[in-house]
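Chemist: Residues per chain are reported as follows:
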Amino acid sequence: MTDAPPPVTPAAVPPPPAPAEAPKPAKRPGPIRSSAVILLLVLAALVVLSFPFVIEPWAIGQVRSQLKAQGMVLSDDSELDLKIFGGRITGAKVMIAELVDGQPGAEIFRAGALTADIAVMDSLAGFDLIIDELIATDASGSLRRRPDGSVPIITPPGEGIDWSKVNWYDYYQKLSEWMKNRKEEQERQEEEQKQDPSKQPEPQADPNRPDAIEWPEATRYEPPPGPDQDGPRVLVRKLEISGTELGLPDDTPFDITSFQISGRDVCVVQEKDETMSLTAKLQTEGAGPIDVDLKRAPGADGTMTAKAPQLPVQALAHPAVSGDALAKYGAAGLANIDFSSSWSGWDLKGALTNVVKDLTLSPQPGAGGEATQAAQIVNNLKGQELTWPMLIGGTLYAPKLTDSGVDEIVKGSLGSAVQGAATQKATEEANKQIEKQLEKNPELQGVKDKAGDLFKGLKK
Amino acid sequence: MVYFTIKTLKKFFKIFNSLAAPWQVFLGTLLGTLIGFLPIWPPAYGPSPLGLILVFLIIVLNCHLGSALLFFGLSWLISKALAGPAVLVGEQFEGLARWASTVPFLHMSLWSHTGYLGLTLIGAACALLFAIVMWRFTIYFRTTLRDRLMANKRLATVGKVGGNTILMRVVCWFFDI
Numbered sequence: 001m002t003d004a005p006p007p008v009t010p011a012a013v014p015p016p017p018a019p020a021e022a023p024k025p026a027k028r029p030g031p032i033r034s035s036a037v038i039l040l041l042v043l044a045a046l047v048v049l050s051f052p053f054v055i056e057p058w059a060i061g062q063v064r065s066q067l068k069a070q071g072m073v074l075s076d077d078s079e080l081d082l083k084i085f086g087g088r089i090t091g092a093k094v095m096i097a098e099l100v101d102g103q104p105g106a107e108i109f110r111a112g113a114l115t116a117d118i119a120v121m122d123s124l125a126g127f128d129l130i131i132d133e134l135i136a137t138d139a140s141g142s143l144r145r146r147p148d149g150s151v152p153i154i155t156p157p158g159e160g161i162d163w164s165k166v167n168w169y170d171y172y173q174k175l176s177e178w179m180k181n182r183k184e185e186q187e188r189q190e191e192e193q194k195q196d197p198s199k200q201p202e203p204q205a206d207p208n209r210p211d212a213i214e215w216p217e218a219t220r221y222e223p224p225p226g227p228d229q230d231g232p233r234v235l236v237r238k239l240e241i242s243g244t245e246l247g248l249p250d251d252t253p254f255d256i257t258s259f260q261i262s263g264r265d266v267c268v269v270q271e272k273d274e275t276m277s278l279t280a281k282l283q284t285e286g287a288g289p290i291d292v293d294l295k296r297a298p299g300a301d302g303t304m305t306a307k308a309p310q311l312p313v314q315a316l317a318h319p320a321v322s323g324d325a326l327a328k329y330g331a332a333g334l335a336n337i338d339f340s341s342s343w344s345g346w347d348l349k350g351a352l353t354n355v356v357k358d359l360t361l362s363p364q365p366g367a368g369g370e371a372t373q374a375a376q377i378v379n380n381l382k383g384q385e386l387t388w389p390m391l392i393g394g395t396l397y398a399p400k401l402t403d404s405g406v407d408e409i410v411k412g413s414l415g416s417a418v419q420g421a422a423t424q425k426a427t428e429e430a431n432k433q434i435e436k437q438l439e440k441n442p443e444l445q446g447v448k449d450k451a452g453d454l455f456k457g458l459k460k
Numbered sequence: 001m002v003y004f005t006i007k008t009l010k011k012f013f014k015i016f017n018s019l020a021a022p023w024q025v026f027l028g029t030l031l032g033t034l035i036g037f038l039p040i041w042p043p044a045y046g047p048s049p050l051g052l053i054l055v056f057l058i059i060v061l062n063c064h065l066g067s068a069l070l071f072f073g074l075s076w077l078i079s080k081a082l083a084g085p086a087v088l089v090g091e092q093f094e095g096l097a098r099w100a101s102t103v104p105f106l107h108m109s110l111w112s113h114t115g116y117l118g119l120t121l122i123g124a125a126c127a128l129l130f131a132i133v134m135w136r137f138t139i140y141f142r143t144t145l146r147d148r149l150m151a152n153k154r155l156a157t158v159g160k161v162g163g164n165t166i167l168m169r170v171v172c173w174f175f176d177i
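Protein chains in written order, with the numbering used here: chain V, 1 to 460; chain G, 1 to 177.
Quick caveat, the hints were computed from the structure, so don't treat them as lab data.
Backbone N, C-alpha and C fix where the C-beta goes; we use that ideal spot for every residue, glycine too.
Be aware that a few hints might be false.
Incomplete in silico selection of chain V near chain G, CB under 7 Å [claimed, not checked]:
no., residue
1, P29
2, R33
3, P210
Below 25 Å or equal to it, Euclidean Cα-Cα: the simulated SDA-like pairs (lysine to any residue) are [as the list claims (entries may be wrong)]:
no., chain 1, residue 1, chain 2, residue 2
4, V, K199, G, D176
5, G, K14, V, K238
6, V, K199, G, R98
7, V, K27, G, L61
8, G, K14, V, S35
9, G, K11, V, R28
10, G, K80, V, S35
11, G, K153, G, I122
12, V, K27, G, R136
13, G, K153, G, W41
14, V, K272, G, I59
15, G, K11, V, L39
16, V, K199, G, E94
17, V, K27, G, A21
18, V, K27, G, F13
19, V, K27, G, F141
20, V, K68, G, R146
21, G, K80, V, P210
22, V, K27, G, D147
23, V, K27, G, F137
24, V, K238, V, S277
25, V, K27, G, N17
26, V, K183, V, Q173
27, V, K83, G, I59
28, V, K83, G, L50
29, V, K194, G, V103
30, V, K83, G, P49
31, G, K11, V, A36
32, V, K27, G, K14
33, V, K27, G, F175
34, V, K83, V, L67
35, V, K68, G, P22
36, V, K68, G, T102
37, V, K199, G, L50
Produce the complete structure using the sequences and hints provided.
Modeler: As structure tokens, this is what we get:
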């Protein structure tokens with residue numbers, strides 16, 4: 001007997017496999033990289049880190065090359081710091097000198113501290129350099145004549161002129177006449193271009209492009225020069241400069257010992273929506289304080305006022321300032337000068353009011369009869385206050401006295417002064433005669449006293 | 001050098017088998033080629049706004065960075081070789097160069113320089129060409145070629161493809177299949 005096999009238990013049925021999950025559709029990539037922020041931050045950090053080594057030296061090199069193009073050089077000791085993102089340049093011990101034969105020459109400008117906020121977007125919108133705010137403190141400058149007599153920065157082009165013999169007034173005339181001619185030439189060209197567009201200035205190939213050696217076959221075109229500019233237009237929206245010293249072309253009492261200059265929309269080339277204003281408070285070495293206020297409206301209109309309340313007349317008569325025009329009179333005294341002028345186009349209108357006191361004239365030998373005669377009249381005033389109004393006219397580049405104010409003086413203060421002097425002399429003469437009569441007739445003393453009382457009553 | 005070339009080639013072919021969408025490859029190739037040809041910061045002239053904008057776009061836009069970098073390098077090398085012809089091209093567009101000198105953005109981007117203008121124009125043409133080719137080939141690879149290669153690889157694995165086994169393995173290695 002065999003044992004019955006044990007009953008076979010049915011094998012456990014494996015559970016049916018779970019249905020496979022349908023693969024998720026691939027996520028469509030978006031147009032913007034989600035990690036771009038991190039990438040940009042990394043890039044920005046790299047750029048910021050590279051500033052002192054790459055961007056700052058490059059930008060400061062650009063500043064130096066621009067100055068060099070204008071015939072100036074920034075000293076190596078100048079400390080300039082540039083913040084590209086803020087568009088701000090800060091500087092310390094900034095010194096700019098003239099470039100003479102490739103070497104630094106006379107110092108033109110120095111500033112202990114300098115801050116310039118550049119309007120980056122506005123500047124990029126055109127070929128302009130627009131500075132929102134320019135502040136310089138502890139500044140000094142010098143416009144002393146060069147050995148040939150010409151003045152840095154403001155000498156107009158011209159040959160055959162002995163600048164050392166040109167006084168300030170003539171210098172101003174030459175400079176403003178050159179500016180006038182230049183402007184008229186530009187206006188003529190603009191008019192021609194309007195009539196004939198083919199005469200518009202063409203971009204010119206730059207022969208001094210920086211990669212001329214590495215890439216000699218290539219050409220780079222520079223933007224055509226604007227109607228009245230040689231380089232980028234510079235506009236300073238807010239200007240504040242204060243300093244301690246500003247040398248003028250010659251060593252005169254007008255040399256400035258401290259100054260504060262403020263301005264709005266300061267520029268040479270003006271746009272239609274800009275009104276330039278400039279005020280200067282100057283303290284001079286020997287000409288007292290001088291306040292100047294200038295306004296330039298768009299177009300060719302403007303006003304200027306200048307006040308010099310304590311101006312020694314000797315300062316005005318300095319040969320460097322007014323040539324021989326006043327020097328021959330040997331004038332001395334103190335003037336309170338109030339000058340106001342306005343111009344429209346090139347036509348100038350203005351008034352100059354001088355209130356002079358303690359005026360004396362000591363003409364030089366050989367000064368001529370006119371000077372001697374003037375000295376006789378003026379010295380007879382014995383320093384009395386004299387108001388002398390003058391009217392100025394002519395043109396901006398050649399101002400002249402349209403009314404010397406002599407009539408006004410005779411009618412006004414000079415007349416009174418002369419009258420006073422004559423009265424005094426007449427009184428002295430009358431008193432002498434009375435004294436003589438009294439010596440002869442002592443009984444007349446009572447009549448004199450009564451007459452004196454009567455005069456006193458009349459004066460009241 | 002050979003190793004570098006092989007690695008670069010592998011990176012190039014890997015683009016087609018990447019996870020990037022074809023339009024990303026297109027954009028990466030386009031922008032990469034452009035920044036390879038266009039000046040970004042030539043030492044003589046300083047930063048070029050257009051070049052910097054393109055770099056910014058490569059970072060921000062979701063393009064395929066691999067193709068952008070690869071075509072940047074490739075185009076930069078080509079641009080060095082084409083410096084002479086670029087001037088000839090630029091001179092043909094002298095009017096454009098003169099006009100660009102009056103537009104500050106273009107002037108600063110060196111379009112007024114006949115050499116760089118020529119490179120820019122060649123770059124624009126090449127960028128479009130390369131980008132379209134890469135885009136079309138990516139689509140072709142992913143819809144047709146990849147399946148064939150994978151099938152051939154399977155066959156090669158079981159020894160069904162006689163003489164082309166090594167070649168097939170090399171091709172698949174390049175395409176990262």
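Chemist: Each hint: holds or not?
Modeler: Here is how each hint holds up against the structure:
1. P29: With Cβ-Cβ at 5 Å, under 7 Å, it holds.
2. R33: R33 (chain V) check passes; min Cβ-Cβ to chain G is 4 Å, inside 7 Å.
3. P210: holds, 4 Å
4. V:K199 - G:D176: violated, 64 Å
5. G:K14 - V:K238: Judged against 25 Å, a Cα distance of about 59 Å means the pair is violated.
6. V:K199 - G:R98: holds, 15 Å
7. V:K27 - G:L61: It holds: about 17 Å lies between the C-alpha atoms, which stays within 25 Å.
8. G:K14 - V:S35: Satisfied, since the Cα-Cα distance of roughly 22 Å is no more than 25 Å.
9. G:K11 - V:R28: OK: K11 (chain G) and R28 (chain V) at ~23 Å, within 25 Å.
10. G:K80 - V:S35: Roughly 32 Å separates the two Cα atoms, so the pair is violated.
11. G:K153 - G:I122: violated, 40 Å
12. V:K27 - G:R136: holds, 21 Å
13. G:K153 - G:W41: Status violated; Cα separation ~47 Å.
14. V:K272 - G:I59: The given pair, whose Cα atoms are some 42 Å apart, is violated under the 25 Å limit.
15. G:K11 - V:L39: The hint holds at about 22 Å.
16. V:K199 - G:E94: Roughly 19 Å separates the two Cα atoms, so the pair holds.
17. V:K27 - G:A21: holds, 10 Å
18. V:K27 - G:F13: With a Cα-Cα distance of about 23 Å, the restraint between K27 (chain V) and F13 (chain G) holds, given a limit of 25 Å.
19. V:K27 - G:F141: holds, 20 Å
20. V:K68 - G:R146: violated, 63 Å
21. G:K80 - V:P210: Roughly 18 Å separates the two Cα atoms, so the pair holds.
22. V:K27 - G:D147: OK: K27 (chain V) and D147 (chain G) at ~22 Å, within 25 Å.
23. V:K27 - G:F137: Between K27 (chain V) and F137 (chain G) the Cα gap is close to 22 Å, so the pair holds against 25 Å.
24. V:K238 - V:S277: holds, 10 Å
25. V:K27 - G:N17: holds, 17 Å
26. V:K183 - V:Q173: With a Cα-Cα distance of about 15 Å, the restraint between K183 (chain V) and Q173 (chain V) holds, given a limit of 25 Å.
27. V:K83 - G:I59: At roughly 24 Å apart (the allowed maximum being 25 Å), I59 (chain G) and K83 (chain V) satisfy the hint.
28. V:K83 - G:L50: Holds, because 22 Å separates the two Cα atoms, which is no more than 25 Å.
29. V:K194 - G:V103: holds, 21 Å
30. V:K83 - G:P49: holds, 18 Å
31. G:K11 - V:A36: Distance of about 22 Å is within 25 Å: holds.
32. V:K27 - G:K14: holds, 20 Å
33. V:K27 - G:F175: This hinted pair holds, its Cα atoms lying about 23 Å apart.
34. V:K83 - V:L67: Since the Cα atoms of K83 (chain V) and L67 (chain V) sit roughly 20 Å apart, the hinted pair holds (cutoff 25 Å).
35. V:K68 - G:P22: It is violated: about 53 Å lies between the C-alpha atoms, which goes past 25 Å.
36. V:K68 - G:T102: holds, 24 Å
37. V:K199 - G:L50: Given that 25 Å is the threshold and the Cα spacing comes to 31 Å, the pair is violated.
Violated hints, listed in ascending order, are 4, 5, 10, 11, 13, 14, 20, 35, 37; each of the other numbered hints is respected by the structure.
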